[in-house]
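Take the sequence shown: its letter number 5 is residue 5 in my numbering, and every next letter is one higher.
Hints may contain errors.
Stated by the list, open to error - Have a look at the derived ranges for each label pair, beta carbon to beta carbon:
hint	residue 1	residue 2	range
1	Leu82	Glu47	51 to 57 Å
2	Glu52	Val80	44 to 50 Å
3	Glu57	Ala79	33 to 39 Å
4	Arg2	Asn49	33 to 39 Å
5	Ile96	Leu74	28 to 34 Å
These aren't lab readings, by the way, just hints derived from the structure by calculation.
Where is the CB? At the ideal position from N, CA and C, for every residue including glycine.
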Amino acid sequence: MRPPDTCPNCGADVPRRALACPECGADERTGWNDRATGQRLDLPDDEFNHDEFVKEEFGEHRENRAKTKGVSWLWWAVAVGLVLAFFYFAILSLGIRWH
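Using the sequences and the hints given, assemble the complete structure.
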């Protein structure tokens, strides 16, 4: 196989009869053959196993995780407090006095 004009690995100019890139050392076996070029495309390998990938990334017992049961009572209290504070300051800004 003839070397490319520019190295697909580092982008350096490759001399016409060179056996390897003078900059990074890539050659037909490691850097500019079809397999090496395809590996840089970030495509999954033919041997890619999606189930194994999910197991490695998320663990085997993904279904057994603790599930949330709604909004915590603390956040409900914060929300009610904010609404009450809003109405309190709205009433004060309108000049309404409580007697």
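Cross-check of the supplied hints:
1. For leucine 82 and glutamate 47, the hinted distance range of 51 to 57 Å is satisfied, since their beta carbons lie about 54 Å from each other.
2. The given range of 44 to 50 Å is respected by glutamate 52 and valine 80, whose C-beta atoms sit roughly 48 Å from each other.
3. Between glutamate 57 and alanine 79, the C-beta spacing of about 35 Å keeps the proposed range 33 to 39 Å intact.
4. Taking 33 to 39 Å as the suggested C-beta distance range, the pair arginine 2 and asparagine 49 conforms, at roughly 37 Å.
5. In this structure the hint that isoleucine 96 and leucine 74 lie 28 to 34 Å apart at CB holds, the actual value being about 31 Å.
Against the hints set out earlier in the document, no violation occurs for any number.
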